[in-house]
Amino acid sequence: MNIITLDSIYYLLGIIVAFVAIRVLLDKNHPTRIGSFLFWGIFAATFLFGQWMPPIAVGYLVLIMVIIASFGKVKAGKEKELKKEERESHAERLKGKIFLPAILIPVITVIGTLTLGKIHFGDVQIVDPKNVTLISLGISTIIAYIAAQILTKAKASVPMQESSRLMQAIGWAIILPQMLSALGGIFSTAGVGKVVSEIVGDLLPTNYAFVAVVAYCLGMTLFTMIMGNAFAAFAVITGGIGLPLIVHMHGGNPAIMAALGMFAGYCGTLMTPMAANFNIVPAMLLNLKNKNAVIQAQVPIAIPLMIANMLLMYFLVYHF
Amino acid sequence: MIKLIGILIVAIGFGFRLNTLLVVMLAGIVTGLVSGFSFNDVLTQFGQIFIDNRYMSLPIILTLPVIGILERYGLKERAESLIKKAKAATAGRVMLSYLIIRELSAALGLNIGGHAQTVRPLVAPMAEGAAAAKHGELSEEVKEDIKAHAAASENVGWFFGEDIFIATGAILLMKGFYDSVGVDVSVWDMALWGIPTAITALLLSWWRFSLLDKRIQKASGAGKSNDSKKTTA
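Order-wise, the sequence lines are chains A and B. The opening residue of the first sequence carries number 0 in numbering that gives the first Met the number 0; numbering runs sequentially from there. The opening residue of the second sequence carries number 0 in numbering that gives the first Met the number 0; numbering runs sequentially from there.
Note that these hints are calculated values from the structure, not bench results. Hints are not guaranteed to be accurate.
[What the hints assert, rightly or not] Cross-link-like lysine-lysine pairs, in silico, DSS-like; alpha carbons within 25 Å at most:
| no. | chain 1 | residue 1 | chain 2 | residue 2 |
| --- | --- | --- | --- | --- |
| 1 | A | K96 | B | K84 |
| 2 | A | K83 | B | K142 |
| 3 | B | K84 | A | K77 |
| 4 | A | K94 | A | K152 |
| 5 | A | K288 | A | K79 |
Build the full structure now, drawing on both the sequences and the hints.
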């Protein structure tokens, strides 16, 4: 038995998103009032009722969200931001104290992660031990939120208004990470990975030990770019290229191969819009005009890193 | 081969700048259909994975209310004015420091940070503040450049630090995979052999951040010399 599970945190998320939907509905000047209300309302419902709904119902709801978004009916409202002068005068008054709630989030998350999983009364766990980090993050944001309210003496409507403004600025891209993992899941049940590893194996002379390393690393990078997720690529490419060629044919060290293979995948993550939660959502969150700006900043790091990592694998995997 | 049609749809869709959600859903549906699933099968799978992966949206949605209040009460402005007091600070050095802290703490198994938790409220404003303290008002392009690199410092630091700790998802996933195919490996081996690449990632980012500092200097320097030319002409 667990007292706090991930579902408890999802209810909290559902309430936060539901407030966005309600604010949109009450905003008579909203450019896409009905579409935005439906989009945020459905998204809130997936958090509040997700674990009871049959998956097919969720699938159709997601389809509706996608259709609303592709007709351009999910736009940001005109929630006003406080003027810079006013923000600066608040900053002057509160001084360094303003950092306190922001720092509470990581500090309490770490403390919670290290301790909460171990606390139990007989069979009753305080938190679900499988999801300690996410639950600790949830608890830390609640405490930070209370601290921020006390410190700033803001009206209760302020956090709702601000989170509605910030979330609408991100817009429909907020569900992109979940959508891309669904696409990745369909790719893997359809056997896309097997096809890719067969093509790589056929095209390259993998009887050379060096070529086997190149094929595995490139396979990890490219397949991660397609899937947007190195974890999804790992099982497919390691099973299809790494194990048969590097370990079985050339006698490489499987631990080194896996560690550096995952890094080859991460180089791919740095370069693909499919990894939306790392590359696209942050661009929206930082109000960047160019949605690919984060990827463009990362490509010059990722390519040399990928090559260095590949050479490291070649020198290490066959010698240790 | 026909199963790769989804990849083609994604490439074409992104190329024509169609709505990304539409492209992704279409690619999934078409791939499912050509692989012999029914339309309802595909939507069931979309629904199931959407629900299973709700945790992906968790950090952003949860932190927005807190960050929202704090930003309204001057968090960014305070972060900027604080960094202006540090004479040696540049945008690149701020981001390099963050990357080092992020990578080291991740290597010790601590997850302190994230785009919503630290980059938007602290790292990006501090980097901008450091650049503004040296070069005055920054142009929009320079600000974009700085923010994009701030997001990059978070990604690189987290990705390449995380795998050095034995109890992270990545290492456990590799261990689980090898267990399932009957290969015996030690988690410590997988974690420690990652260190050379993790250091390389740090050095490459250092190089990119120092180039960014030079670009910022050039952009502001060029602006000033243009002005002086105008006055002489």
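Inset, instruction - Mind checking the alpha carbons of K288 of chain A and K79 of chain A for me, to see if they're no more than 25 Å apart? - result: Roughly 19 Å separates the two Cα atoms, so the pair holds.
Legend entry - Distance restraint between K96 of chain A and K84 of chain B, which requires alpha-carbon spacing of 25 Å or less: 17 Å, holds
Inset, instruction - Please work out if K84 of chain B and K77 of chain A have their alpha carbons no farther apart than 25 Å. - result: Given that 25 Å is the threshold and the Cα spacing comes to 35 Å, the pair is violated.
Inset, instruction - Compare the distance between the alpha carbons of K94 of chain A and K152 of chain A with 25 Å, and conclude whether the hinted pair is satisfied. - result: It holds: about 15 Å lies between the C-alpha atoms, which stays within 25 Å.
Inset, instruction - With a cut-off of 25 Å on the C-alpha distance, tell me whether K83 of chain A and K142 of chain B pass. - result: Holds, at about 17 Å.
Hint 3 alone, counting from the list given before, is not met by this structure.
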